[in-house]
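Colleague: Sequence:
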Amino acid sequence: MDLDKFNIPRYLRSLPLFSTTAEDELARLAAGCSLRRFERGANIFNMGEACDGFHVVVVGQVKLFVVSPAGNEKVVELCGPGHSFAEAVIFMGVPYVVSSQALADSLILTVSKEAVFHEIEADRRFALRMLAGLSRRLHGLIKDVEAYTLHSGVQRVIGYLLSNIDPERASDGPASESTTVTLPASKAAIASRLSITPEYFSRVLHELESAGLIEVDKRDILIPDTARLANYQPS
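Using the working numbering, the first residue of the sequence shown is number 324, and each one after it goes up by one.
These aren't lab readings, by the way, just hints derived from the structure by calculation.
Only pairs whose alpha carbons sit at most 27 Å apart, straight line, appear in this in silico DSSO-like list of lysine-lysine:
1. LYS510 to LYS466
2. LYS541 to LYS397
3. LYS328 to LYS436
4. LYS397 to LYS466
5. LYS541 to LYS510
6. LYS397 to LYS510
Take the sequences, apply the hints, and build the full model.
Modeller: Given below as structure tokens:
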């Protein structure tokens, strides 16, 4: 991809956060954006660094994570193409509260904090759209806490697999259909995201495969019947 020819205003328009933004606003925001390539394994930012804006994954895969004093890593979120991260931090006036790392060769768009604040001052509707985006993220985090505290490890894995189905197909609820889900990251990263160990994650996949609910081919997970998987109750 030739970065010099990348149409930033058009790309911003494709994001839910900016889908109703006026052309002149998009042009101003684009002027405050930067595009950077990151090789797999490269850190985009580290916890404790000053926050200069929020970020969008254009191409690739990014993990947000924290490391405990004992050196244990906890994956907070996995972000694929079109996903944004670190929006809340720009309003908190604090350094980044997590670290981020490219899990694959990635192209990251950074929207500067100054550009965001300028548009908020110019149009309160922009502020409302930012609040709506942050509210969606908060709702997702609440659902995560609910899953960790109320759902078993098997239920978490099933929920994760079903959540990676095409949103348009999943919007009507689990239907009796066959689909294939490609894991966007390593099993270890996904296990950390689900607050289970990699070994347990592998055991659950084996259990589901033995029950005829999935077929595992490296990172590709074939689900012959999504409704049957959704209704599975471990013994």
